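Student: Sequences are here, hints too, so could you generate the full structure?
Taken in sequence, the protein lines are chains U and L. Numbers 1 to 95, taken from this note's numbering, label the letters of the first sequence in order. Numbers 1 to 207, taken from this note's numbering, label the letters of the second sequence in order.
Worth flagging that the hints you see were computed from the coordinates, not collected in a lab. Treat the numbers as computed from the prediction; the structure is a model and nothing was measured. Any given hint could be a false lead.
Computed from the model, here is a short list of chain U residues facing chain L with C-beta under 10 angstroms [to be verified]:
(1) K7
(2) T10
(3) W19
(4) L22
(5) I48
(6) I59
(7) M61
(8) E66
(9) L74
(10) T80
(11) F89
If you want the footprint, here are the derived chain L segments under chain U, 3+ residues with CB under 8 angstroms [to be verified]:
(12) 16 to 23
(13) 28 to 34
(14) 41 to 53
(15) 64 to 73
List of simulated lysine-lysine pairs, BS3-like, C-alpha gap at most 30 angstroms [stated by the list, open to error]:
(16) L/K171 / U/K7
(17) L/K90 / L/K171
(18) L/K87 / U/K71
(19) L/K181 / L/K111
(20) U/K71 / L/K20
Beta carbons: idealized from backbone N, C-alpha and C, even for Gly.
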Amino acid sequence: MEHGNNKHITPYSTYLIVWVALLAFTSITVSVAGINLGNLTLFVALVIAAIKSAMVINIFMHIKFEEKIFKVFLLLSGMTLLVIFLLTFTDFSFR
Amino acid sequence: MSHNENSTASHVHRDDVGAKMGMWLFLFTEVLLFGGMFLVYAVYRFQNPMQFHLAGMELNTTVGTINTIILLTSSLTVALAITAIQKNNKFLSLVFLSVTLLFALMFMVNKYFEWTTKIEHGIYPGSEELLKKQNGEILFFGLYYIMTGLHGLHVIVGMVLLSLMFILILKNKITHDNFVKLENSGLYWHLVDLIWIFLFPLFYLIQ
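Tutor: Now the structure itself:
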């Protein structure tokens, strides 16, 4: 009876906390970029970008509070992208 | 339909979950569109690490960082606009949307100055200056223009969408119990932010 109409309202404070965290990660990624970590630099930058994306998708884009089907969608498209990257790099490395 | 106005008013056929599913499916096609470009970027960077490094140094990290902060904050304000309308605070929602639009405009203004500076320095696709450089650098700048360009186009589309939502809220077409259009426009805006989250380190943070 309740589904559809009874919406989850995210409090203002939750969004503000996520925003502060996003800015914190941005400053981390900018300062880390200044340090020479060799091959790790790109890896660290991508990990931080992934953490930021997870926060945006879960809270800002509300996925955390959506029905299960949305999470299945997301997983499926994420996996598709991953497979495309893996296949391309496998092809590329064995040329 | 008029036997019980109160109950019929709240039972107008509407499928918010379906609308949102449609939006998410569309967003996945967008992810694949940009994903293809990120793939091209990844392969070329892997082939020309030093030249990508060299070319990346020429981009202005400060402008990139400022634009990152602007976009993240605009994502916050659009999320706040949805909470405001859910709490039936029309005025606050309009304020948050206006701030979002202002940030979007600031982003585009920065982008404009960034691009014109690069173009003044003779670096644009097919320019003599650029063609004198090594192949990897040419690829880097080609990708820089096409990827940030397509992203900028998305920012403009997002601005149009959010302006439309502003009008709909003003006209009471979007209300505290009917706001899926605002939610979907918000989703689009967050996607624009998401793509930037990856563009930023890949182009501006190669030191």
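Student: Going through the earlier hints one by one, which of them does the structure break, listed in rising order?
Tutor: none
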